[in-house]
Each structure stands twice: as C-alpha cells, then as structure tokens.
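Participant: Residues per chain are reported as follows:
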Amino acid sequence: MAAAAPSPLYPFEEVPSALSGITWTHTNGKSAQKYLPETTGAGCAFLDYDGDGWMDIYFVNSGECDFYHPDPPLRNALYRNNRDGTFTDVTEKAGVAAGGFGQGVAVGDYDGDGFPDLYVTQYGRSILYHNNGDGTFTDVTEKAGVAAPGWSSSAVWFDYDNDGRLDLFVCRFVDFDKSKHLPCEADNKPGYCIPRLYKPMPSWLFHNNGDGTFTDVSRSSGIGKYLGKAWGVVATDINNDGRMDLFVANDTTANFLFANREGGRFDEIGAPAGVAYSEAGRPRSGMGVDSADFNQDGWMDLFVANIDHEMYSLYQNNHDETFDDQAGAMGIASATRLMSGWGLKFFDYDNDGNLDLFLSNGNPDDLIQVYHKDVEYQEPLLLFHGTGKSFENVSAQSGPVFTRNFSARGLAVGDFDNDGGVDVLISMNGGAPLLLRNNAGKLNHWLGLTLVGSKSNRDAVGVRVTYQAGDLKRSRMKTGGGSFLSSHDPRLVLGLGQRTKVDLLEVKWPGPSNAIERFTDLPIDRYITIVEGQGKWK
Amino acid sequence: MFRPHHTALLCALLWAPVPCLVSAQTSASGKTSALAADVASFAERAVSLAQSGRCKEALPLLKQAKLQAADRDLKRRIGFAGVRCAMFVQQPDAAEDFLRLLNRGFPHDPEVLYLSVHTYSDLASRAAADLAMTAPLSAQGHELHAESLETNGKWDEAAKEYRLVLEQNPHLAGIHFRLGRLLLSKSNPSPADAEEAKKEMQAELEIDPSNAGAEYVLGELAKQNQEWDKAIQHFSHAAKLDAGFGDAYVGWGGALVSLKKFSEAIPPLQTAVKLQSGNPAAHYLLAIAYSRTGRKEDGDREFAIQQKLTQKGAAGEPAESSQQSPN
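Residue numbers (the numbering used here), protein chains in the order written: chain A, 611 to 1148; chain B, 25 to 351.
Please note that a few of the clues may not be correct.
A short list of chain B residues far from chain A (calculated; beta carbon distances all over 10 Å) [what the hints assert, rightly or not]:
no. : residue
1   : Leu73
2   : Pro116
3   : Glu171
4   : Leu190
5   : Gln250
6   : Lys284
When the alpha-carbon atoms are kept at most 20 Å apart in a straight line, the in silico SDA-like pairs for lysine to any residue are as follows [what the hints assert, rightly or not]:
no. : chain 1 : residue 1 : chain 2 : residue 2
7   : A       : Lys1052   : A       : Arg829
8   : B       : Lys285    : A       : Glu931
9   : A       : Lys1118   : A       : Phe1129
10  : B       : Lys284    : A       : Asp907
11  : B       : Lys210    : A       : Lys999
12  : A       : Lys999    : A       : Ala939
Since the hints were made in silico from the structure, they are not lab data.
Glycine included, each C-beta is placed from N, C-alpha and C at the ideal position.
Extracted from the complex, chain A is given alone in its bound form (with noise of 0.2 Å):
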C-alpha cells in the first residue's frame, strides 16, 4: 500500500476551533436598518495577560447599545493560551465582557506594573480595564477619564511625551447615533451609507498623568482641532527626531499624519507629506494602517488600505517629512484595486531578515456587487513577500487559506506557539475568528526579544533594535498599534535566515533615556528579555 503524500507546507495554517478551543464568535447584529457600526467591527489583540510568557488572545464584540439589544447579551472574550496549542476561554473570570458595541482594542502596560492592560474602544464609550495582576481585571474608565465618548475605533497605547508613562490615542470615526442613522438604499434595499454622508469628528489624545488618571490634551496638543474619520492610526516616528508621530487613516477625508513637535504640539502635515490624498487629489477609504522601514533605510515607511478601486498605499519615505506612493511600482497597487483592506501588519513572517506583509480584506457593503459585479463582498487574504527592497504577491503559492474569501477587520500577529514563527489572528465581521498558524518561521533562525522599559515607557514602544548577524544587518522599530482595531504581540523577532549567529545588538531605547546598550553573545531560536539600564539580558 502507497504511504500519503506529505502534505505541503505551506506557510500560514487555519487552526481550527476543534484544535484550538476558540469557539467564540463575533456577532455584527445586522438589522434591516443597516446601522453603520455593524459592518465596521471588530478587532482581536495578541497580549500576554497572565505574564507567562505565552500569548493570549482577546476578542471584540458587538452588544448593546442605543440601536442594538442582543438577547442573551454578547461578550467580548479573553482566551488563556495553555501551552500546548489550546486556548480556554477566561473571560468571566477575568472580569472583561465588556457588554457594549464593541470596535477594537488597544493593549498597554499604562501603569508600568508589568502586565498589560486592556483599552476596548466601544461604539458609545470606551472602557479601560486595568490588569490586577492576579487573572482579573477592573473598569478604571471613569477613574482614568478615557471614557472618550462617541463612535471609537482604533486606539494606540504610546508616550507622545517620552516622560517614560504610556499616553493614549483614541480614533474617532463619524458623529454617529440612532438618531443620525441614514437610509441607504441600493437596488431598492436598505443598504449601508457612505461615510461620507456622517459628519466628521475629532480624535483624542490623552496624557497619562502617573498616577492612575489621564488629561485629554486633544485640543492643546493641536490634534483636537483636526476633523477626520478616523479608522486605523500607528504611532511611528517618521523624522527620526525621537518623537512618535501619529499616522491616521480617514475614510473619505484626508489622513492624518501628525507630526510631533517639541512641547506637546502636533503639526497635521499629510497634504505636503503626500499622504493625505490619492494621485488624483482626492480623500479614500482609509482604514487599516502600519508603518515600518521596509527597504532599510532607516526611515520608517508607512501603509495604509483603502476601499475597493481606490488600491492601497505604500508610502515610502523620503527623509524630509515627504512620502512618495510606491504601491503601483510594487505590485500592490494592481493586488488590491478590487479589495477593500481592514487588518494588515508588516512583519518577517519566514524569518529572512525582511519585512513582509499580510493583508485581510473584506467589502464593507454587502450589496456591493449591485454596483460592481467584480468585486466580492468577502474577500481573500494577502501576502507579500519582502525583498528587503520590494514586495512579491505570494499569495497564490501560500496554501489554502489564502484561496478562501473572508469578511475579515482586525489582525493581530503573535507567536502564541513560541516558535519563532509569528502567526495571525484575523478577526471577522459577523463569523468565527481565524487562527493561522506559522509554519515558515522555524525554518529559519531566529532571536525573539522581550523589552522593558525601565526609564522610557515599560513597553518600549518607540525602541530601534539594530543587529548584524553575518552578513545581514538590519534594524527594526517597534511602533505603536498599526493594523486594524487589533494589538499585537510586544515582542519583536528578528529574522536571521541560515545564520546562525547574531554578532551585535544594539538597543537604542525611546526618551527620556534615549540610552543605547549593545550586546554580544546572544542565544539563537528562543525569547531572551532585556530590560533598559541592565546592560543583560536573560
């Protein structure tokens, strides 16, 4: 008798809910009315909650809210990852339902305690749940001041200031109640407006005072003052002056990207930066973004998805606060002119030293195809395949999943598995989440750093690790938020390929330090922690 085939190893693998224990599933409480919040949600988080070093996972809901009564109520959901591949469902106990009409979540360690705290942004009002650090949680919103009411979506943990503390940036999309809703009709059914048609709103920007409680600087910092939709934002820093700056994705209004200025001040400079608009001049549907250096030049790059015929953007940076759109010479440009892009994160997937990227999409509409018989309200995932230079659409040699169409919103990544191999979390409007499993990642060598702050903020967002192994020198910047409503795993793996041997580290820290410490003698293929100031690591 023939022995099977081998199975072909394809690079990402659905991990299914009978294998993973995930059963929960997002409900987007569609209604004849078509409310508009039903078909923007939600978003999903890699965070290790319990600190033992294995990603858990954390999903958004929809619930009750002034056009929605779901009857049993829905939760949100927090899984604890066992260790073995499965996942048990801890949410009750954790204290993290949440209850309202849920968008995403942003995940940081605000107070410096060592465990990572939980910001839900919520249709309505958002909630901050603070981590005790015995397995449970408390709403600290009304405490904090972050209620930030309204229709919230993306939200970024990341200190503006660099006095060390986390500070919060919280995405708002349209003035929008029940009161406001429109009717939308296509092809005599009700169907979901434009946002054009809402009215645009502020974001907020709050400092983190220290002492448990936040001050809304949104309109002292000049952010305040700037009306958009906004959807998707990434703390990254474009100038290389050691301050994070804010790029913010608007659906049918100009980005934003905000500058940060000495003093707290932000300056909105998208237009001139050549960010804002597309080719032709006019605001997109923006909505998922990332920023990273994807060419390693040492500027960081930017990306945002649009809604379908729009395609997405490649911002390429100029070093002088100038982008130029590279996606049409990339090949990206052409990928997605059908696609409509939610979730997405630049990140080494095999491990090769460059940077990758991984897409999911879905039309928000679902009578979109009365207007356009060639785009599909679910759609495929993407994946392209970093050169160090440029990007290949790989998509179509990456195995099954990416030939299956999904009505994805939030992706995280994380390495749940702990095997170097950073893996995907997709999760969808109105369906059952999607786990990927990396398979390529192993295959190549590989150095996973935990970082802590100790002066800068505890979670180093804003860190530059910069490391030579061989012939391969690259850097990596870990940003703030990017993606979609979703919050990724803190670590940072550095892709080795074949090496076998990192020569240097070094580790330029975010202010106030701003202190570089560099390391020899470094472990391969496991976590190593460096904590600011130690001069080790472990």
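Got chain A; can you put chain B on it based on the hints?
Facilitator: Leaving out everything else, chain B in the frame of chain A:
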C-alpha cells in the same frame, strides 16, 4: 376705411396666419392692448388645437404665434405645443426651432430641459433607425451599432462590429481608438487587455497621428506600468496635439512628479490648472511640485484650492467608491 379691430378678429376667427396678424399689428397704432389681446387669443387657439391633437392645423399657427406672443407663460406653452406637434408631424427642424425658443427664454427650467432630452433623444433614435434601414452594412451602420453595444456594456459584440468597420475601411480614423478604449472599459481589464489596447492606440496613431486621445491613453497605459519616461512622452505629445487637453497636462505633470522632477512638472501643471480650474488632481500635483521645490506659499495656496474642491465634491458629487448614497 381700414378697421384693424375687425380685421384682427376676422383673422382669429378664420385661423388665418401671418398676413392678418401683421396687418393687424401694423395698423394698430393707439390700440396696442387690444391687439395684444387678439394675438393672445390667436395663440391660445393654436395651443388648444395642438392640445386636442390637431397638430397639422396647429403647427402653422404655432409657428406664427411664437413670433408674436409677448406673455411669458403663453410663449412657454406655445413652445411646448410646438415641439410636440412638430415631432408628431415629422418636422424635426421645426421642433428644434421651438426647443431653441424654449431654451433661450427659459434656461434651466427643468421641464424645458426634460423636454429637450426626450426630443433630441427621439431625433437621434429616428436618425439611427434611418441609418439602420437605409445603409445597415455601411461603415457608419456598423459603427453606430457598435456604439450602441458599447453603451450597453456588450464589449465583445461591440468589438466585432468595430472590426467589421475596419474590414470595410481599414484606414478609417477613430475605430482603432474605440477598440482600444473598449478593452480598457472592461470592469477589470487584464494585462493582456491593456497590451491589446496599446496596440490599437498605436494603430490609430498610424492612421491619424493627430489623435491626441490615443496619445493620452498610451500615456495612461505607460503610467500604469510605471514607465514614466514613456508616459511623459505620450502625455506631452497629446498636449501638443491638443493645447486645450487639460487631462494630458495633468498626466504629464503627474508623471514628472512621480520621477521627482518637481521643477519640470510645474509648467505643465500650471497649464493644467488654467485649463481645469475645478480639477483637484491638477491642484494637488501642482501643490506637491511647489512644496517640494521650496515654494511653500504657492504650495499651500494650491493645497487650499484642492481641499476646497474636494470638500465641494464630497458635498455634491456621487460616491466615488462602491458605497451608497442616501435614498
């Protein structure tokens, strides 16, 4: 003795045309209002005849009445009745005369515009039917059929018709251009479609080197392939062929911006904004070119115009993306 009053009345009673009225008018010194009443009465009769379907009788009277009537409402009703009757009795020239009267006297009147649309559409249909009846296999017959198929999104059938035109007249200008345009009109043209379209545009230019549209499309195709030098060559040639071709200047300047040749991009983009002051792309690209050559104030001014235009567009234009407008 000449008695204008009676004459006018008689004319009206007898449905008599011009001579009576002219006579009445010329002999009406001191009695203008009475004459006007006669004219009005005459015109009302004409309109009434038209409304009762007696167009053959009404039309000559309406033609006269439109020259005489002073009252705006009456003039408007004469115009409407005249168009309808002229179309009914197959007098397209007369219908156009009445439409001109209406459009001149009542610009932007929705009812007038609506009637204009239907009348011209009807005239076009009649001409098309004529062509189909009298010369269906002529190049023009195929071309018209192809255009109709194209309008209905029947790309393959339309292409067949265009090719029949070329079989009859291989050197007819405009057909290769249309074939190429057809290929690019598909909802998601493939690289093969783009390549074929490029060949069609090149064939068009061999027949008609002055076809600025073909040069422009070649520029767009080069732009899609990131072939910026070629794009510049085609866009600039299109602009030279047609100095009023704003999009060609936008494409030309945009390609130069993509090559970071910001100073060189400024002149074509300045022309573009003159030709297309309402085009946000032209202002945006010019703003980028200014700001990246150190002309911050000029750049800010152009960004401000572009932003104003996009905001105006957002308020009044149909959705660009797939999402829907309110009902």
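Participant: Report holds if the minimum CB distance from B:Leu73 to chain A is greater than 10 Å, and violated otherwise.
Facilitator: 43 Å, holds
Participant: Over 10 Å to the closest beta carbon of chain A is the bar; see if B:Leu190 clears it.
Facilitator: At roughly 29 Å from the nearest Cβ of chain A, B:Leu190 sits farther out than 10 Å, so the non-interface label holds.
Participant: Please verify whether A:Lys1118 and A:Phe1129 have alpha carbons no more than 20 Å apart.
Facilitator: Holds, at about 12 Å.
Participant: Can we trust that B:Lys284 is non-interface, i.e. its beta-carbon lies farther than 10 Å from all of chain A?
Facilitator: 8 Å, violated
Participant: Would B:Pro116 pass as off the interface with chain A, using Cβ distances and a cut of 10 Å?
Facilitator: 38 Å, holds
Participant: Keeping to a limit of 20 Å between CA atoms, is the pair of B:Lys284 and A:Asp907 held or broken?
Facilitator: The hint holds at about 18 Å.
Participant: With a cut-off of 20 Å on the C-alpha distance, tell me whether A:Lys999 and A:Ala939 pass.
Facilitator: 11 Å, holds
Participant: Next pair to validate is B:Lys210 with A:Lys999; report whether the Cα-Cα distance is within 20 Å.
Facilitator: 33 Å, violated
Participant: CA of A:Lys1052 to CA of A:Arg829, is that 20 Å or under?
Facilitator: Roughly 47 Å separates the two Cα atoms, so the pair is violated.
Participant: Going by Cβ atoms, does B:Gln250 stay more than 10 Å from chain A at every point?
Facilitator: 5 Å, violated
Participant: Hey, does B:Glu171 actually stay past 10 Å from chain A on C-beta?
Facilitator: Non-interface label on B:Glu171 holds, nearest chain A Cβ at 22 Å vs cutoff 10 Å.
Participant: Run the distance test for B:Lys285 versus A:Glu931: straight-line Cα separation, threshold 20 Å.
Facilitator: 18 Å, holds
This entry does not satisfy hints 5, 6, 7, 11, going by the numbered hints stated previously.
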